[in-house]
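Assemble the whole structure, with the sequences as input and the hints as a guide.
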Amino acid sequence: MSEILSQLAHYFEYPFVRYAMIVGVLIALCSSLLGVTLVLKRFSFIGDGLSHVAFGALAVASAVGLTNEMIIVLPVTVISAVLLLRTGKNTKIKGDAAIAMISVGALALGYLVMNVFSTSSNVSGDVCSTLFGSTSILTLSRAEVLLCAVLSAVVILIFILFYNKIFAVTFDESFARATGVKAGVYNLLIAVITAVIIVLAMKLVGSLLISALVIFPALSAMRLFKSFKPVVIFSAAISVFCAAAGILISILAGTPVGSTVVAADIAAFGICWTLGAVRGR
Amino acid sequence: MALLTVKNLKLGYEGKTVAEGLNFTVNSGDYLCIVGVNGSGKTTLMKTILHLNPPISGKIETGEGLKSSEIGYLPQQTEIQRDFPASVWEIVLSGNLGHGGLRPFYTKEEKAAAKRNIEKMGITDLTKRCYRELSGGQQQRVLLARALCATSKMLLLDEPVSGLDPTVTAEMYDLIYGLNKEGITVIMISHDIKAALKYATHILQIGKDNFFGTKEEYLKSGAAEQFNEKGEESV
Ligand SMILES: Nc1ncnc2c1ncn2[C@@H]1O[C@H](COP(=O)(O)OP(=O)(O)OP(=O)(O)O)[C@@H](O)[C@H]1O
Ligand SMILES: [Mg+2]
Chain A
-13 MSEILSQLAH YFEYPFVRYA MIVGVLIALC SSLLGVTLVL KRFSFIGDGL
37 SHVAFGALAV ASAVGLTNEM IIVLPVTVIS AVLLLRTGKN TKIKGDAAIA
87 MISVGALALG YLVMNVFSTS SNVSGDVCST LFGSTSILTL SRAEVLLCAV
137 LSAVVILIFI LFYNKIFAVT FDESFARATG VKAGVYNLLI AVITAVIIVL
187 AMKLVGSLLI SALVIFPALS AMRLFKSFKP VVIFSAAISV FCAAAGILIS
237 ILAGTPVGST VVAADIAAFG ICWTLGAVRG R
Chain D
2 MALLTVKNLK LGYEGKTVAE GLNFTVNSGD YLCIVGVNGS GKTTLMKTIL
52 HLNPPISGKI ETGEGLKSSE IGYLPQQTEI QRDFPASVWE IVLSGNLGHG
102 GLRPFYTKEE KAAAKRNIEK MGITDLTKRC YRELSGGQQQ RVLLARALCA
152 TSKMLLLDEP VSGLDPTVTA EMYDLIYGLN KEGITVIMIS HDIKAALKYA
202 THILQIGKDN FFGTKEEYLK SGAAEQFNEK GEESV
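Protein chains in written order, with our numbering: chain A, -13 to 267; chain D, 2 to 236.
Just so you know, these hints were derived from the structure itself, not from any lab.
Keep in mind the model is a prediction, meaning the values are calculated, not measured.
A hint or two may mislead.
What the hints assert, rightly or not - Straight line, CA to CA, 30 Å or less: simulated DSSO-like cross-link-like pairs of lysine-lysine:
| no. | chain 1 | residue 1 | chain 2 | residue 2 |
| --- | --- | --- | --- | --- |
| 1 | D | K112 | A | K215 |
| 2 | D | K68 | A | K27 |
| 3 | A | K27 | D | K216 |
| 4 | A | K215 | D | K121 |
| 5 | A | K168 | D | K129 |
| 6 | A | K168 | D | K60 |
| 7 | D | K8 | A | K215 |
| 8 | D | K8 | D | K60 |
| 9 | A | K212 | D | K216 |
| 10 | D | K68 | A | K168 |
| 11 | A | K168 | D | K8 |
| 12 | A | K212 | D | K8 |
| 13 | A | K168 | D | K216 |
| 14 | A | K27 | D | K17 |
| 15 | D | K116 | A | K27 |
| 16 | A | K168 | D | K17 |
| 17 | D | K129 | A | K215 |
| 18 | A | K212 | D | K109 |
| 19 | A | K212 | D | K121 |
| 20 | D | K221 | D | K68 |
| 21 | D | K121 | A | K168 |
Stated by the list, open to error - Stretches of chain A that chain D covers, calculated by requiring three or more beta carbons in the stretch to come under 8 Å of a beta carbon on chain D:
| no. | stretch |
| --- | --- |
| 22 | 142 to 149 |
| 23 | 206 to 213 |
Ideal Cβ placement from N, Cα and C applies to all residues, glycine included.
Next up, the structure:
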């Protein structure tokens, strides 16, 4: 045990490990906060679709040769989020199809662009790391960590300030609207925050695994708790714990960061599911 | 000036008409029952009054200083997410949001109002319970308490007793009648014509021939029998 600890202490002397930890925990916190709302609003797939859009945008950004991809990726993802929410509002089936269309389209075009225009010698390696986030979190610069921390802080602040409205709009949008809550504005806010979180989370787990980060903590919490606030708090806690554990394990065992974090989330969900089943019967 | 005036209103979705030629007024303290067969547009009318659905043509005017955000609303049961993790307290409190503007948290007064309305509905012992684990009648009381947090003037109730057993139905009617006696204007959709005739002051019937008038006028007009033959809803 002490051996593992001293090994960890050794690793934490490297700034990139500390950065990875900070960013990982912040991203996990943000994604789980909004995850509850997304799952309950039946928006889980919007997260998935957006992550593919972000992948496509990233591919274009790197093909153009931008050093800071965020300049393209963030606005494109935010705009897609707004558009997806528009189409998904009234006509459910069309909305589903639109999301599927955009998400698969962006994935295909992104890969195409990467293949055709990439100057890198290891295209499939690049693709793999954007899809699964295999190493990118360990290569964060100080500036990226700072940006990530600021965006996370903004997301958390917005969530706290609008918590009651987000609850009302998620539970019963018609009622909220009828009593003068500007539901459209808050839906938009939710979409924009979701987009920001997804762009951030791409660093941690890669674009294919983001939905896991959004969905699993929320589902775990819902197995065990029955009111909104405890569900949100527990899902944040479990998400942070799994991210930290996943990152530590991946450092010690040399496994890919993203999939280890997701595996930890799945394990946590399994435990919560069992606890819920035991208590429920 | 009446609390609510509806003039030559035509309702529908995306240009498709559901009901038309609606004219009625609601004065402060009235108890209006809306009747009509399934699909005649009762829920649509409520949504139009609440600005959830735009009218095709015609006018809805509010008077006596009633803002459209001051109307409490009890939706038809089918529209609520049944698996939602939320406590009774959280739900009732959320009824206050409409008059809070951008203020992020609830005030002491709002919390007190939520508590008062929970008491009024007789569900104080359920305050911490999970909404989805309550019985249908208990859930309706929770939603009514929430609606009361949103208004002190006018309540719109969409089939508040559907799915409730006769005892609980009677209790629910008594609760609503009590609120009306306290001065809250009530507009209720109901398939229960007997209860409508017992409690309401005015009746609005939507369908092939619309009818609006006081309960007495409604009985005289014979519109009720028509409704019975067509819909057999009143049993
Ligand atoms: N969102 C919608 N889009 C299009 N048409 C709709 C929509 N909602 C309802 N309708 C149609 O409008 C008509 C009126 O529906 P509404 O829900 O107002 O009826 P209702 O009188 O409340 O019936 P019920 O007694 O069954 O509750 C129906 O023919 C219905 O199919
Ligand atoms: Mg209806």
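- Broken hints, by number: 3, 7, 9, 12, 13, 20
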